[in-house]
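S.K.: All chains should be modelled from the sequences, with the hints used to inform the complete structure.
2 protein chains.
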Amino acid sequence: MARYEATVSAPVNIACIKYWGKRNTALILPTNSSLSVTLSQDHLRSTTTSSTSQEYEQGDRLWLNGREEEISKGGRTEVCLAALRQWRREVEDKDSAAPKMSEWPLRIASYNNFPTAAGLASSASGLAALVYSISQLYQLPQTPSQLSLIARQGSGSACRSLFGGFVAWEMGERDDGADSLAVQVADRDHWPEIHALICVVSDAKKGTSSTSGMQKTVATSTLLQHRIKHVVPPRMTEISRAITAKDFTTFARLTMADSNSFHAVCLDTSPPIFYLNDVSRAIISVIEELNRAALASGAGLVAAYTFDAGPNAVIYALEKDMPMIVQTINEFFPQSLDFPDPFGVLAQPSARPEGFNKAVVREGGWEKGAVSRLIHTAVGDGPRRLPDSESLLDVKGVPKTLV
Amino acid sequence: MARYEATVSAPVNIACIKYWGKRNTALILPTNSSLSVTLSQDHLRSTTTSSTSQEYEQGDRLWLNGREEEISKGGRTEVCLAALRQWRREVEDKDSAAPKMSEWPLRIASYNNFPTAAGLASSASGLAALVYSISQLYQLPQTPSQLSLIARQGSGSACRSLFGGFVAWEMGERDDGADSLAVQVADRDHWPEIHALICVVSDAKKGTSSTSGMQKTVATSTLLQHRIKHVVPPRMTEISRAITAKDFTTFARLTMADSNSFHAVCLDTSPPIFYLNDVSRAIISVIEELNRAALASGAGLVAAYTFDAGPNAVIYALEKDMPMIVQTINEFFPQSLDFPDPFGVLAQPSARPEGFNKAVVREGGWEKGAVSRLIHTAVGDGPRRLPDSESLLDVKGVPKTLV
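First to last, the protein sequences are chains L and H. Note that the first sequence covers residues 1 to 403 in this note's numbering. Note that the second sequence covers residues 1001 to 1403 in this note's numbering.
Take these hints with a grain of salt, some might be off.
Using 27 Å as the maximum straight-line C-alpha spacing, the simulated DSS-like pairs for lysine-lysine come out as follows [to be verified]: (1) L:K358 - H:K1216; (2) L:K358 - L:K368; (3) L:K216 - L:K22; (4) H:K1358 - L:K216; (5) L:K229 - H:K1229; (6) H:K1022 - H:K1229; (7) L:K229 - H:K1216; (8) H:K1368 - L:K368; (9) H:K1022 - H:K1073; (10) L:K229 - H:K1022; (11) H:K1229 - L:K216; (12) L:K22 - H:K1229.
Calculated directly from the structure, the hints in this document are not laboratory data.
M.R.: Written out as structure tokens, the structure is:
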């Protein structure tokens, strides 16, 4: 039987300028532009195989991490599939020899190589992998920015995972969302020295989902509109310039300020939304003190923290400073899970900026496991087409590994 | 020898609309108006005796809680004493029979009946008591609002402690601060049912002082100016109306929103300022859930939390709901110190709003002492002149009790 498939991987991205608030919830049009760093797929990725065949039984099917998920009528996944089919139809209309894949059922299997317990949003890499795999399967001529329009409708920040490097999601102005898409500010190779340390922070309490949280902020915060109109736009310009100029101090300053601004409008929501807990605050204190000491000794900033809709910290730093950062976090926040140390930073000599004041950390340090694990990664490339040997589906279009 | 003295007590006040930011640090002129509830002196008070005599040795002297404090040249206390002496001089100029007290040394002893460990700002009640005691000693004709101009220069929020009931500190417009003063919105007897429960929350880490914190916010927050210009002014009008109308639901909604707005601009500061900790957040969650359940069952809001520059919660509620509130806090936050229960609320039957979801509190509840003590009080009256038998000074102008 004629059967086609494409396997890809797509990266996680972590925003420096935060997306918080939709102006159109159906189309996922944001209230402000945002900007993120794409993290390396060597460490964190969603892998997706999409396959289609005239012989498959009617109806699309989707498996996430080996478990079948319903593709609900009018749901986000269906919206993405319909849009991709429409583009495939255009291919078929232009080339009568092209197989009529747009009419055939799809089989999609996706797998994240990081546990849900790591508290990383898997929807961004997952949706980007889904859209990219089908674009490869369908041999679509659309650019990554055009594909990002579809990924955006699956999960807002997924649109930024269609590029490597440093990526802006331009909010756009149009009501139909045709200009609300991702563009690359700089690719990975422009500034490969940007590394990231994810500190997975345990939290007893389940937080507010970002989907519901952001709309509560839109509805009730008295500060959000000011953030949207007057705070974020100049930051987008400034951080893009800082990336172009490889100016880490400005990049770090803006990243921390915007994380704090985002959590401030969460707190200004009614009822207030809290994502940071005492451990998150403690990590912030350590990074702020490292930066204070570095500045005092005449150097630039050495690290930037940023927090999404949860207590986990992501710390951006230059490769040269990562040994010091990792060793510092290790000392004050002993983890419950082993650190694989992919860059071998634990063995490297390092020194904290002179004058670092340990008193910012609470007496006796934190109990083991307050930070459960560390993940060290770096800025990475965009979605990758993988060889068919990496396929997650068997010839019948069923996942090779089922849960 | 001719010796005069006056003993007074002055109350603590806790703001519903928060003061955060000075437009003039020397004169203590705020960037926005604020509004507070004066708490009963039956429970919390500063008591101050001021005395003067031609026979005292040269130089003013001041004791706080039995320990002598230096009155530093050009410091805040000296500014207040100089202004009060100036008004006394006007009295003496008009009445040649009046003793020339303005030229005599002062002896001042002040005592707070609440421990510093309670984490309550003692500067407001302390400065109000100092100013009021000297105004009594000097037999000044000035009104409480006029006296508040002087107390303000000692410690900003002290100006609000010169009245009982519900008190606005109008920010004023003048550069010399002559219109930045306290006015009474309603007296205690207008709405005596307003009760307050102070939950003293332990914090391992010393927080940022409000004096330095607020100026860091002024210097670095991108949201503060919006709060000052567009958020606080309508809230001042609305909460004054709610107090006049005894509309607890509106009063509570604005109080919570403004506490959250204040902590949001603290978080938006660089470096961020955190006063709320995980226990503070947990208290917020419980109150929000009580209110949610109350609204869902058709009632109004039952409680309002507010937090100053520290982790302690102050919960405002109507007298009728206080048994339920205290019993709820008691259940989820067992204290390390006995609760004196001055209103006998523990013995009263009470029921939480139907549908209250205990799941908002973390599994197993909080460890004993996370909230170290509770203080139950209510809206109270303004500064009181006390009989001379309550004097803190002996005939030589030295405190009867020294540390």
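S.K.: Provide an ascending list of the numbers of those earlier hints which the structure does not satisfy.
M.R.: none
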